[in-house]
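Take the sequences, apply the hints, and build the full model.
The listed protein sequences derive, respectively, from chains A and B. When you read off a place in the first sequence, starting at 1, and then add 1, the result is the number in the working numbering. When you read off a place in the second sequence, starting at 1, and then add 1, the result is the number in the working numbering.
Keep in mind the hints are simulated off the structure, nothing from the lab. Incorrect hints may have been included.
All copies of an identical chain are treated as equivalent in the list; a pair is satisfied when it fits inside any one copy or across any two copies.
[Stated by the list, open to error] Distance condition first, Cα-Cα at most 30 Å in a straight line; then the derived DSSO-like pairs of lysine-lysine: (1) Lys227 - Lys93; (2) Lys227 - Lys106; (3) Lys232 - Lys310; (4) Lys227 - Lys109; (5) Lys310 - Lys291; (6) Lys268 - Lys310; (7) Lys22 - Lys268.
2 protein chains.
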Amino acid sequence: MTQTYNFNPGPGPIPNEVLAKAQQNMFNFEQTGMAVMELSHRSAAYERVHFHAMNTLRELLDIPDDFSVLFLQGGASLQFSMLAKNFLSDNKAGAYVLSGSWAEKAQKEGAAIGEVYTAAASSNRTYADVPVFDPADLQENTAYVHLTSNNTIYGTQLSDWPACEQPVFVDMSSDILSRPIPWDRVDLAYAGAQKNAGMAGVTIAIIRTSLLDQASGSLPPSLSYKQHADKDSLYNTPPTGAIYITSLVLDWIKEQGGITEMENRAKEKAALIYDVIDRSNGFYSGHADKDSRSWMNITFRLPSEELEKKFLNQASERGFTGLNGHRSVGGCRVSNYNAVPREHVEILRDFMLEFQQNHS
Amino acid sequence: MTQTYNFNPGPGPIPNEVLAKAQQNMFNFEQTGMAVMELSHRSAAYERVHFHAMNTLRELLDIPDDFSVLFLQGGASLQFSMLAKNFLSDNKAGAYVLSGSWAEKAQKEGAAIGEVYTAAASSNRTYADVPVFDPADLQENTAYVHLTSNNTIYGTQLSDWPACEQPVFVDMSSDILSRPIPWDRVDLAYAGAQKNAGMAGVTIAIIRTSLLDQASGSLPPSLSYKQHADKDSLYNTPPTGAIYITSLVLDWIKEQGGITEMENRAKEKAALIYDVIDRSNGFYSGHADKDSRSWMNITFRLPSEELEKKFLNQASERGFTGLNGHRSVGGCRVSNYNAVPREHVEILRDFMLEFQQNHS
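Set out below in structure tokens:
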């Protein structure tokens, strides 16, 4: 088998232990003679998977009882319009903190549904930092404040969670399950599963239950948080196979020591790469401001595009995958999700040091 | 291993050959050293899967060049609102043929978005037939006519496709890939994958390309058919693992002889059960009118609820799963999707005959 070091930005790696369990059990689940994907979503066997995943998520993220946990579909992109559809009524506006391309997309989807405005933006600095804002400056008619906790493309991450009177909605697609969530400052957290929580096809949404009744009255049921919450995410057929993989990933995180352990590992792994950058005398130059650095996605440039190309080609030959920067920004990016083993990061660090030595 | 005869109404069985291939290849795809679900959706390896699935679907269903093939998320339920959102502008109305509960749900989702009306309905006959209507009677402002080609819950199936001037949208969730689609009479066909086309989590939509530009101008991109079509269903991360399973199911159908073979097999298998019903002297009574019978879902009652319970219990002991009727109608239902082997239907037929003999 090819030795691959998977640094894909998403979909990203799945822990080996999870893949082994899935390969073994997914196809004859609990001796039912059926694969997980062949079970009725109304069967007791599937319901065990479904509620086990929900409960484990609650436990790991310390989700308070007054929040509802939902498994939806459509990725974070559909959440962009779903949250606007639920909460942007005629006279209310969504406030967006623009910290990267995904935040821009969230605002754009919201704008197709209702009134939106920019609360803060770092676009004029090519999103090198996470912009801050004073909650006191928010418009009076603000329905929600929308944040992106980690900016995959630019490699920045939110560290100070704002305290707002208005509901705070956070796209956590690229750092969910790698850090605790301060539930006193968050009202809706959502994430596509394919970076830290499983395979593409299931979207996690955790919403303060009291918000459900404040949603717009004339929603199509398939786009109503309340509808999905009332039916425990079994309103229509959920993506059962993807939820099964998520349940295994959650078990794995728990076995490894939980969210604190994930956070510590991520910070330690990221430090290995940031250290190379900071000690490289400018050979590697980080894109993000130091105090906005992400420990999930590390972005950097080399002295020239030619060297970047050479770096990426050699990296590819050595089995590293996913190290190219997003096509909109170029350069390089190391995605350091939960399932990336520390050993792989060490091998990458050594390669970066070697490459610098050969090309300085 | 338990011997299971999987007659689940959906998610339903997956062909054994597909499960074997998935178990073997899903976890080290094409010697990449990565599972399919770990591949970037922008990688060449995943794109091969994606476009292979699209092209095989085109080939199997003989989809004309002026149609776009989309892989979406959210199931048929999200299509209910997505199609209304795309095509119900201020002055237009959606015409719904109510042939069952799912048609009702489609109309309800549409009504949350725009004007809808009922073109025909068989609700007063507990949906025992597929209602017909005269296209000449449609309102002038009709944006589309919405049909359900197979009614999973009631066991009826559309046989005469209406010829309408207006676009015809068809929910084919429970009979896609079991029959040809008359593209001169259909403008949008869509289906959740979990009955005949793979695992839950991917939704197939096949739409006449000329319709894309007629869609409402102010759509959120995530709900715009045009957006997804323009990006080859890679606008955002698609459900890559589910699309992989669909690609294997499509390959399997092709190997087995294609859609004509699936249709013939389905009709022959269904006839085995309908025969038992028709020769039972009323012990088994079919719910659907004979000329509206579905060959995908066969619904019937027994002389008493007590006998139905006994039948279902004994069936369960023998390894049959999924034979209970939908909770809204009771009775029994045999779901006879492509992946149900003829042998399993024969074993079920024998059990039905035996049960009748013991209880008449």
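Consistency of the hints with the structure:
Proximity of lysine 227 and lysine 93 under a CA criterion of 30 Å is satisfied in both settings, with 19 Å inside one chain copy and 28 Å between copies. Both within a single protomer and between protomers do lysine 227 and lysine 106 lie at most 30 Å apart by alpha-carbon distance, with minima of 24 Å and 17 Å respectively. Only between protomers do lysine 232 and lysine 310 lie at most 30 Å apart by alpha-carbon distance; the minimum there is 26 Å, versus 50 Å within a single protomer. When the C-alpha separation of lysine 227 and lysine 109 is checked against a cutoff of 30 Å, the pair qualifies both within a copy, at 24 Å, and between copies, at 16 Å.
With identical chains, the CA atoms of lysine 310 and lysine 291 are at most 30 Å apart within one copy only, with a shortest distance of 25 Å there and 67 Å across copies. Proximity of lysine 268 to lysine 310 under the C-alpha cut-off of 30 Å is restricted to the intra-copy arrangement: shortest distance 28 Å within a copy versus 58 Å between copies. With identical chains, the CA atoms of lysine 22 and lysine 268 are at most 30 Å apart within one copy only, with a shortest distance of 27 Å there and 39 Å across copies.
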